[in-house]
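*Asks:* Listed below are the residues making up each chain.
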Amino acid sequence: MKRSLFRSVVLACSIAAVAAVPVRATTFEPVTLNDMVAQADVIFVGDVVDVRPFTVQTRERTIVKTRVTFSVSDPLYGTSSLVEVFDFLGGETADLGMKVEGMPTFAVGDRRVVFARRDRSINPIVGFTQGLMKVSRDAGGIDRVLTLEGAPIARLSDLRSGVTQRLVEARKK
Amino acid sequence: MRTAAGLVATAATVLALGALTGAYSLETRRWPANATIVMHLELGPASTPLIDGSPDWDTVAESALAAWNPFLNGVSLSGRRDDAAIASGNRINTVSFGDDAFGEPFGSGVLAITQTFYSPRTSTITETDVVFNRARNWNSYRGPQRSAAGGGSLIDLRRVALHEFGHVIGLDHPDDHGQSVVAVMNSRVSSVDTLQADDTDGATAIYGGDAASVPAPATSDTLPSGSRLLAGQSLTSANRRFRLVYERDGNVVLYDDVERTMPWSSSTAGLTTGQVVMQTDGNFVVYDGSNRPRWMSGTPSYANSRLVLQGDGNLVVYAADGQARWDRFSNPAGFIP
Numbered sequence: 002m003k004r005s006l007f008r009s010v011v012l013a014c015s016i017a018a019v020a021a022v023p024v025r026a027t028t029f030e031p032v033t034l035n036d037m038v039a040q041a042d043v044i045f046v047g048d049v050v051d052v053r054p055f056t057v058q059t060r061e062r063t064i065v066k067t068r069v070t071f072s073v074s075d076p077l078y079g080t081s082s083l084v085e086v087f088d089f090l091g092g093e094t095a096d097l098g099m100k101v102e103g104m105p106t107f108a109v110g111d112r113r114v115v116f117a118r119r120d121r122s123i124n125p126i127v128g129f130t131q132g133l134m135k136v137s138r139d140a141g142g143i144d145r146v147l148t149l150e151g152a153p154i155a156r157l158s159d160l161r162s163g164v165t166q167r168l169v170e171a172r173k174k
Numbered sequence: 004m005r006t007a008a009g010l011v012a013t014a015a016t017v018l019a020l021g022a023l024t025g026a027y028s029l030e031t032r033r034w035p036a037n038a039t040i041v042m043h044l045e046l047g048p049a050s051t052p053l054i055d056g057s058p059d060w061d062t063v064a065e066s067a068l069a070a071w072n073p074f075l076n077g078v079s080l081s082g083r084r085d086d087a088a089i090a091s092g093n094r095i096n097t098v099s100f101g102d103d104a105f106g107e108p109f110g111s112g113v114l115a116i117t118q119t120f121y122s123p124r125t126s127t128i129t130e131t132d133v134v135f136n137r138a139r140n141w142n143s144y145r146g147p148q149r150s151a152a153g154g155g156s157l158i159d160l161r162r163v164a165l166h167e168f169g170h171v172i173g174l175d176h177p178d179d180h181g182q183s184v185v186a187v188m189n190s191r192v193s194s195v196d197t198l199q200a201d202d203t204d205g206a207t208a209i210y211g212g213d214a215a216s217v218p219a220p221a222t223s224d225t226l227p228s229g230s231r232l233l234a235g236q237s238l239t240s241a242n243r244r245f246r247l248v249y250e251r252d253g254n255v256v257l258y259d260d261v262e263r264t265m266p267w268s269s270s271t272a273g274l275t276t277g278q279v280v281m282q283t284d285g286n287f288v289v290y291d292g293s294n295r296p297r298w299m300s301g302t303p304s305y306a307n308s309r310l311v312l313q314g315d316g317n318l319v320v321y322a323a324d325g326q327a328r329w330d331r332f333s334n335p336a337g338f339i340p
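Residue numbers (our numbering), protein chains in the order written: chain A, 2 to 174; chain B, 4 to 340.
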């Protein structure tokens, strides 16, 4: 129990340290793990299996979006689906490139922890890029969670526990 | 014009040398050589007084645009206040407040976005639009981040604009690429509210040339387009009677060595020294050490102009067609940004 509490505190501090300062890119505000859990409609660990840019013709213009498909390996909240699909504003087709600065990018094979919202927006990730984390397996076979820039956050198992704990607390309220 | 591949190679080289020489991060996209990037400013009036004394939002944006110009080597950013159509994909660059990003909700926690259209074939940028989230608490101030009276952050539009305009010219976030440098272009906000060496080095790397390497014509009577004076450097009239000196107290002073008088100055004494630039857009500008414009001739529409210190003591901005567009005899005060 004490060990679990300690890990939870370490996890909270790790994420707070990563997100403690406002971030701008495209410019966005910092979020904590509590914020991410509270704001996300869906939380899962998954692998990117398809990245597909496409054009959208609106009345005034042509824009580019990128559809990213995840294979869900570990659903944590809000999904029981085997795949999750999200659209991001920006991308590159043969004829048109559209870059939204700071938008996360994806490649097939990326393994990510995803905190996302279902409602339509330029970017469904909570906190723009903060609700998207790398998962990397270390030499000892332990899955570790890192920021997109590669800063270590926690073990995946600890993050999972932290999310679950916050969900339980949220339900009690 | 460089090829996209060439630019990628340049970026890769720069990043590889980052640990030694700086660590800015470049996009592979850029504007065409010698382009004037007109940003249509449609931010409008502020509903509350701005802390730094700026009269309106567009003035704040103009200041941020001007800060980049000395480092773009032929390319220039120009602000134009008008009511051009605010849309994306119409080849009109706009800077505006919005409730969303051209009809797409901002999403979680977004303060502002910059979106860029480009040709994938040539990597040439064709349009950029900057949208600030109207729902946030904005002001304009220098120094550490402040809190808003009603809670939350009071966001300094100028430093965010500096950052977004860095994206407009093709800069990325150095800290997103594992680099540890002091820069406005870092993704994480700080008390850094002016362009830093790493930012300007990045701009120079994209557009070629090196402002620092442009020779200052210390014994010339002319400051050519794209040249600058650093503290302690000067121009001398052809008859050697007059000297224009960029003093180390930040003032630009004209001396008459015959009468032993000081007939003119930019009245910028007491500032940190930066540079005095004859910009490629035709504006002659005194920048302080934070790259903030402090005095200007107000002639930004005459590309390839030159500044001449004449034998009669007049200081004149001559446009490429030979017409005088500013001179100290008729307008000694110039313009205070």
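Calculated directly from the structure, the hints in this document are not laboratory data. A couple of the hints might just be wrong.
To spell it out: a stretch of chain B is covered by chain A in this simulated footprint if at least three of its residues, at any positions, have a beta carbon under 8 Å from a beta carbon of chain A; those stretches are [said to hold, decoys possible]:
hint, segment
1, 254-268
2, 316-325
Listed next, with one range per pair, are the computed distances between beta-carbon atoms [to be verified]:
hint, chain 1, residue 1, chain 2, residue 2, range
3, B, P147, A, S137, 32 to 40 Å
4, A, D42, B, D252, 54 to 62 Å
5, B, I54, A, S137, 43 to 51 Å
6, A, I143, B, T125, 42 to 50 Å
7, A, A95, B, G154, 24 to 32 Å
8, A, G142, B, T51, 50 to 58 Å
9, A, V169, B, G146, 39 to 47 Å
10, B, N334, A, N35, 53 to 61 Å
11, A, L168, B, A90, 37 to 45 Å
12, A, T63, B, T51, 47 to 55 Å
13, B, R145, A, N35, 28 to 36 Å
14, A, D42, B, S193, 44 to 52 Å
15, A, A95, B, D330, 32 to 40 Å
16, A, R119, B, T125, 24 to 32 Å
Even glycine gets a Cβ: it sits at the ideal position worked out from N, Cα and C.
*Asks:* Which numbered hints does this structure break?
*Replies:* Hints 1, 2, 7, 12, 14, 15, 16 contradicted; others consistent.
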